[in-house]
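**Q** Chains as they are written, first to last, in the working numbering: chain A, 1 to 459; chain B, 1001 to 1170.
In case anyone wonders, no lab produced these hints; they're calculated from the structure.
It is possible that some hints are incorrect.
[As the list claims (entries may be wrong)] Mimicking DSBU-like on lysine-lysine, the simulated pairs with C-alpha atoms at most 30 Å apart in a straight line are:
#1 K1087/B / K337/A
#2 K1087/B / K92/A
#3 K435/A / K351/A
#4 K153/A / K1087/B
#5 K143/A / K351/A
#6 K1087/B / K420/A
#7 K352/A / K288/A
#8 K339/A / K1163/B
#9 K1087/B / K339/A
#10 K420/A / K352/A
#11 K92/A / K143/A
#12 K339/A / K351/A
#13 K1163/B / K288/A
Predicted model, so just to flag it, every value in this text is computed and none were measured.
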Amino acid sequence: MKAIIAATILGIVMMFAGLQMKNKSSVVTLAIVLAFLLLGVNIWDLVATPATAPVGYFNNMLRIDRYALWFSTLMTGVTVLYTLLVGKEIQKVGVHVAEYFALIFFILCGVYILSCYNNMLMLFLGIEILSIPQYILAGSDKKNLKSSEASLKYFLMGAFSTGILLMGITLLYGATGSFNIVAYSFLQSDALNPLALGGVIFVMIALGFKVSAAPMHMWTPDVYDGSPTPFTAYMATVVKASAFFAFIRLFQVSFGSISSQWTVVLSVITAATLLIGNLTAVFQQSVKRMLSYSSIAQAGFMLFAVLAVNAVAWQGIIIYAVAYSIATIGIFTVLMKLKDYTYDGFNGLAKKEPLLAFVTTIFLFSLAGIPLTGGFMAKYYVIQAVMVQNQFLWLVIFGLLMAAISVYYYFRVIIAMYFKEGNAELHAPVTQGEKVLLVITCGLVILIGIFPQLLLSWI
Amino acid sequence: MGIYDIAFWILTVIAIGCALGVILSRNPINSVLFLIATFFAISGHYLLLNAQFLAIVNIIVYAGAIMVLFLFVIMLMNLNADVEPQKGRLVQLAGVVSGGALLLVLLAALRTAKYPTLESTPNEIGLIQNLGEVLFTQYVLPFEISSVLFLSAMIGAIVIGKKEDSTHSA
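This is chain A alone, in the form it adopts within the complex:
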């Protein structure tokens, strides 16, 4: 609750800072300080809230529990890391640097709402607060036609999916007469109503769009590819992770008792997401585009957690969200340094910048799910969640097969860096500070891989 207010206020502070500060780099410094401040507020919230039963605020509009607070804190931590790593690149996107950061703070406000919402209206508002700044950030590079295309495409498709979400909420309200996700009367499955089931499917499609699950993934490659790379890094990580948290919250807390009704549909969506994401990623020539398809593929694994209605799934989504976000932000940071976004652009990077090549390798290992990295533990937890459910063994086997395919396109980058001759051109030499930050990020990835329990100790 404190964090929602703080994120809004800090966003407004950022806006006014844009009025006063003419120097771009001081704006970035301010944003980093404010991001740390927000992390502090989150930790304060986490410490001050007793670990007892969930607390409801404003007629149970929000229901704050440990999962919500901890997830908010983690996502703020990832955002701090993001501002530290990418802040300098955001300066280069356009002139409205302060506004970009203000929008990122507003996105965080949406993240907090989505982590603790207890009412369909708050879900809708959270999704919109998450999305609208993204439409703007996608189109912030106005001189680039692809950026404008990404923005328009994202906006139109996003507006359409919002319509579907609202239709779903309407059907659910019509069936149950309530917006409160805990009080839904079909929690007792004998009172099952076809109207409500229609609503569940509509909401599933709309949320599936937000997390770019197939067949609602069509927008993802174009939007991620067209948007300025610093903002792609944010869209693909924090935003996607919190959309997943909203997804799992609704489908476990509210629809969990009728899971037999929707898990089959969701399992097909999961399988399609894994298949399309991984197979299409293989054929990409640009690493940025490959990463956007890989984010679809990773969404397929995160859907495992939504599919498994149990406590392990919650742990899985938290570990997956953090491990995936950190590794993806890391790899995008390296990508931004390069002039050429194709695989050939990575040729010979290991000779020129051995450290950069090494951290990239670790990030790619994590995304591919190689043991001792965060990505391995993340995949382990979500797959374990499905195994506990003991229902979708075929999907687990299929998922492992697809993970094996993903190794191919992740390792193509590593092969280009280490075994191909070439002169990987950088925009600017990598500074000492950036190297330290990248090594810290890399350390975090390995730390999660060895001690995943660290991420669960606060729940």
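Once you've looked at the hints, dock chain B against the given chain A.
**A** Just chain B now, kept in the frame of chain A:
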């Protein structure tokens, strides 16, 4: 059949007929005009539900402001000619099949659905006074939080709309 039922059926026929007109008419201007008529018919439905505020807002915002914008866009971009690109037969067929399947599923669901009665609330729920009270008590949080949404939309208007002056970027 009382006056209420007669009004309901007349409004329903107008609403559905005009909605069909929106998608069936070739000329975009006609589509917009049909849409306005649809909104008026739906506002009539709101009035029947004793939701005066909603009815008026629907007319002002949708039939008024948004439709004027639509007409402006159509006139400025000179879209009134029938220049809609023709889709291939296969795409049309796929659209009809998938849309029809959705319609079937929804119809099947709605046919057997039970509708809980919402009569527990007083009949004056749609009046401005009650709406205001509910908005500022029960739904005060969504009401306030939506300001963040509008704020970010306003920033968007500035970021996208303002001319980027390269000399200013120090």
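**Q** All hints, please: hold or fail.
**A** Hint check:
Simply put, K1087/B and K337/A have alpha-carbon atoms about 43 Å apart, too far for the 30 Å limit, and the pair is violated. For the proposed pair K1087/B and K92/A, the alpha carbon gap of about 41 Å is over 30 Å, so the pair is violated. Only pairs whose Cα atoms come within 30 Å are accepted, and K435/A paired with K351/A is accepted, the gap being roughly 16 Å. Annotation: proposed proximity of K153/A to K1087/B holds, straight-line Cα distance about 20 Å (limit 30 Å).
With a C-alpha separation of about 34 Å, the suggested pairing of K143/A with K351/A is violated against the 30 Å cut-off. For the hint linking K1087/B to K420/A, the alpha-carbon distance of about 46 Å lies beyond 30 Å, and the restraint is violated. As the CA atoms of K352/A and K288/A are separated by approximately 21 Å, the hinted pair is consistent with the 30 Å bound. Taken as a hint, the K339/A and K1163/B pair is honoured in the structure, with Cα atoms around 27 Å apart against an allowance of 30 Å.
A threshold of 30 Å between alpha carbons decides the hint, and for K1087/B with K339/A the separation of about 40 Å lies outside it, so the pair is violated. As the CA atoms of K420/A and K352/A are separated by approximately 12 Å, the hinted pair is consistent with the 30 Å bound. The suggested pairing of K92/A with K143/A holds, with an alpha-carbon distance near 12 Å, which does not exceed 30 Å. For the proposed pair K339/A and K351/A, the alpha carbon gap of about 17 Å is at most 30 Å, so the pair holds.
For the given pair, K1163/B sits about 29 Å from K288/A by alpha-carbon distance, which is consistent with the 30 Å threshold.
This entry does not satisfy hints 1, 2, 5, 6 and 9, going by the numbered hints stated previously.
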